[in-house]
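Engineer: Using the sequences and the accompanying hints, generate a full structural model.
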Amino acid sequence: MISKYQQLRAQALPHNRATLMALLKKHGIQSLSVFYSGSGSTGDTDKITATPPEAVARLADVTVSLHQAKVEVLAGVAAHALIAEKKPALEALREFTLAWVEQTHCCWANRDGGSGDVTFNVAQDTCRLKHTEYYTGSLHHEYSL
Numbered sequence: 001m002i003s004k005y006q007q008l009r010a011q012a013l014p015h016n017r018a019t020l021m022a023l024l025k026k027h028g029i030q031s032l033s034v035f036y037s038g039s040g041s042t043g044d045t046d047k048i049t050a051t052p053p054e055a056v057a058r059l060a061d062v063t064v065s066l067h068q069a070k071v072e073v074l075a076g077v078a079a080h081a082l083i084a085e086k087k088p089a090l091e092a093l094r095e096f097t098l099a100w101v102e103q104t105h106c107c108w109a110n111r112d113g114g115s116g117d118v119t120f121n122v123a124q125d126t127c128r129l130k131h132t133e134y135y136t137g138s139l140h141h142e143y144s145l
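In UniProt numbering, the protein residues as written are 1 to 145.
Don't read these hints as lab results, they were simulated from the structure.
Beta-carbon label-pair distances, calculated as ranges:
1. Thr104 / Ala22: 21 to 27 Å
2. Tyr134 / Gln11: 28 to 34 Å
3. Gln6 / Val77: 15 to 21 Å
Derived SDA-like pairs: lysine to any residue, alpha-carbon spacing no greater than 20 Å straight-line:
4. Lys70 / Leu8
5. Lys87 / Asp61
6. Lys26 / Val62
All C-beta atoms in this analysis are idealised placements derived from N, C-alpha and C, irrespective of residue type, glycine included.
Structural biologist: Set out below in structure tokens:
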């Protein structure tokens with residue numbers, strides 16, 4: 001069963017995608033990729049690249065409002081809500097990436113982990129997630145004569 005919190009996070013993704021796509025378009029960015037990796041039990045974003053390359057620097061002082069799922073517990077009762085939260089654009093891009101990865105590959109950084117990227121293609125109005133899961137395989141053989 002999916003929790004109310006997870007439902008709100010899933011509802012926020014399309015809104016946040018549209019907001020970030022509009023931000024990138026406004027700042028003349030043709031495409032932008034956020035790369036991430038992790039293993040053990042930790043994962044994070046590694047770098048952000050853009051076309052044109054100087055576009056990342058344009059976003060350094062820009063803020064954007066994203067929807068965030070929040071839970072508040074009052075008198076033992078949990079209240080869930082989507083709230084608008086302003087944050088620096090580069091942080092918002094990182095958070096969007098990790099939220100989408102977590103939504104599609106829960107606990108992706110655990111054990112052997114994984115890596116990938118989220119790419120915004122502004123001209124085509126597409127956003128693509130490419131994810132690679134890592135694993136250690138083994139084969140067991142046993143013989144008797």
